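Chain order of the listed sequences is A and B. In this text, residue positions in the first sequence follow numbering that gives the first Met the number 0: the first is 0, and each later residue adds one. In this text, residue positions in the second sequence follow numbering that gives the first Met the number 0: the first is 0, and each later residue adds one.
Simulated from the structure, these hints should not be mistaken for lab results. Hints are supplied without guarantee of correctness; some may be wrong.
No copy labels: a pair is met if it fits in one copy or bridges any two.
[As the list claims (entries may be wrong)] Using 25 Å as the maximum straight-line C-alpha spacing, the simulated SDA-like pairs for lysine to any residue come out as follows:
id, residue 1, residue 2
1, K133, D106
2, K123, K153
3, K153, R94
4, K122, K133
5, K146, H2
6, K18, T45
7, K18, I36
8, K146, D11
9, K155, S126
10, K122, D106
11, K18, Y156
12, K7, K18
13, K146, Y156
14, K122, T33
15, K35, N3
16, K146, Q131
17, K35, C67
18, K146, D70
19, K31, K150
20, K150, N73
21, K31, I135
22, K155, H64
23, K123, N19
24, K18, Y139
25, K35, D152
Everything numeric in this text was worked out from a predicted model, so none of it was measured.
Here is what each chain is made of, one letter per residue.
2 protein chains.
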Amino acid sequence: MDHNENMKKACDLAELSVKNGAGPFGCVIIDKNTGKICAETHNLVTIHNNPTLHAEIVAINNASHYFCNFDLSNCILYSSCEPCPMCLAAIYWARIDTVYYGNTKEDAANIGFDDSFIYDEMKKPVSERAVQMKQISCDYPHIAFDKWVEKSDKIKY
Amino acid sequence: MDHNENMKKACDLAELSVKNGAGPFGCVIIDKNTGKICAETHNLVTIHNNPTLHAEIVAINNASHYFCNFDLSNCILYSSCEPCPMCLAAIYWARIDTVYYGNTKEDAANIGFDDSFIYDEMKKPVSERAVQMKQISCDYPHIAFDKWVEKSDKIKY
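Next up, chain A with everything else stripped away, as it sits in the complex:
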């Protein structure tokens, strides 16, 4: 696995992203077993008008589609920048266990992105966050959880 070559690809995609009118972030996902690229993407937030379409999310979407599997534990992810909390959590949900990155979240903060701020928010208790989060206490939310526990043929993820 040529880590530098894969990182260069992610960074070339980040450059292309700026040219295309999106944020300066690129991502490549490699199949560990074959060394082949299974996703190569860049940020699409302002192109698709969708705040979730960071390069890593788009890459995970594409790699999941490629393998027809929500479990990407056979993959390595290369990102031109340290993943933000949204993308890092997506990496955990995808069971990807190795990530290589270029710029840091502090570098991203220095050019106006909220990565570092959101990492700080994550560490706070619910009541102290900038986003107001209020629990509604009622019986409804438990019903689906109970049905999930009872379901014998559920697909765990």
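Mind docking chain B on chain A? Use the hints.
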């Protein structure tokens, strides 16, 4: 705004989700200005084989599409469960400032979901996380950032 009614809708969607073979989570996004629903979704991870398709992400995708805008600061989000770090960070990126939720991340952990574990991972320094994260030091990553800074007609998000 009838918070209990909106929460009931999110919870009904969570129940439907289990019936449909997906995770027990539902979400509703409401336009603050009109009180109208602009997205009502449930988890799709195992249905679409995509680990990013939590109810809140699908709802933000749909609401962005509805408004043709990556900025959803005009919206309130109702989730049947406290958002995981991926979804919470997506809420920040979408500029949604108010979230109502039902079950907690501890409730989710109790039925086998990793929400609480991933919150704990977020708080750790890069070197101590379960996911191996390695920075590749080279000049490439800075190029796209420099081009972003120089770009006069960029769309910030």
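Evaluated hints:
In this assembly of identical chains, the alpha carbons of K133 and D106 lie at most 25 Å apart only when taken from different copies (16 Å versus 33 Å within one copy). In the homo-oligomer, the alpha carbons of K123 and K153 never lie at most 25 Å apart, since the shortest distance is 33 Å inside one protomer and 32 Å across protomers. Taking the shortest Cα distances, K153 and R94 sit within 25 Å of each other inside one copy (19 Å), while across copies they are farther apart (34 Å). Taking identical chains as interchangeable, the C-alpha atoms of K122 and K133 lie at most 25 Å apart whether they share a chain (17 Å) or sit on different chains (22 Å).
When the C-alpha separation of K146 and H2 is checked against a cutoff of 25 Å, the pair qualifies only between copies, where the shortest distance is 24 Å, while the shortest distance within a copy is 45 Å. In the homo-oligomer, the alpha carbons of K18 and T45 lie at most 25 Å apart inside one protomer (12 Å), although the nearest pairing across protomers, at 35 Å, exceeds that limit. With identical chains, the CA atoms of K18 and I36 are at most 25 Å apart within one copy only, with a shortest distance of 23 Å there and 36 Å across copies. Taking the closest pair of Cα atoms, K146 and D11 come within 25 Å of each other only across two copies (12 Å); inside a single copy the shortest separation is 47 Å, beyond that limit.
Taking the closest pair of Cα atoms, K155 and S126 never come within 25 Å of each other, the shortest separation being 31 Å inside a single copy and 29 Å across copies. Proximity of K122 to D106 under the C-alpha cut-off of 25 Å is found in both arrangements, the shortest distances being 20 Å within a copy and 19 Å between copies. Taking the shortest Cα distances, K18 and Y156 sit within 25 Å of each other only across copies (16 Å), while inside one copy they are farther apart (37 Å). Only within a single protomer do K7 and K18 lie at most 25 Å apart by alpha-carbon distance; the minimum there is 17 Å, versus 45 Å between protomers.
Proximity of K146 to Y156 under the C-alpha cut-off of 25 Å is restricted to the intra-copy arrangement: shortest distance 16 Å within a copy versus 39 Å between copies. Taking CA atoms no more than 25 Å apart as the test, K122 paired with T33 passes in neither setting, with 38 Å inside one copy and 33 Å between copies. In this assembly of identical chains, the alpha carbons of K35 and N3 lie at most 25 Å apart only when taken from the same copy (15 Å versus 49 Å across copies). In the homo-oligomer, the alpha carbons of K146 and Q131 never lie at most 25 Å apart, since the shortest distance is 29 Å inside one protomer and 35 Å across protomers.
Proximity of K35 and C67 under a CA criterion of 25 Å is satisfied intra-copy only: 16 Å inside one chain copy versus 35 Å between copies. Taking the closest pair of Cα atoms, K146 and D70 come within 25 Å of each other only inside a single copy of the chain (24 Å); across copies the shortest separation is 35 Å, beyond that limit. For the homomeric pair K31 and K150, neither the shortest alpha-carbon distance inside one copy (34 Å) nor that between copies (36 Å) is at most 25 Å. When the C-alpha separation of K150 and N73 is checked against a cutoff of 25 Å, the pair qualifies neither within a copy, at 28 Å, nor between copies, at 37 Å.
In this homomeric assembly, K31 and I135 come within 25 Å of each other (Cα to Cα) only across copies, at 18 Å, whereas the closest approach inside a single copy is 44 Å. For a Cα distance limit of 25 Å, the shortest separation of K155 from H64 inside one copy, 18 Å, qualifies, whereas the shortest one across copies, 29 Å, does not. Proximity of K123 to N19 under the C-alpha cut-off of 25 Å is found in neither arrangement, the shortest distances being 36 Å within a copy and 35 Å between copies. Taking the shortest Cα distances, K18 and Y139 sit within 25 Å of each other only across copies (16 Å), while inside one copy they are farther apart (48 Å).
With identical chains, the CA atoms of K35 and D152 are never at most 25 Å apart, being 34 Å at best within one copy and 36 Å at best between copies.
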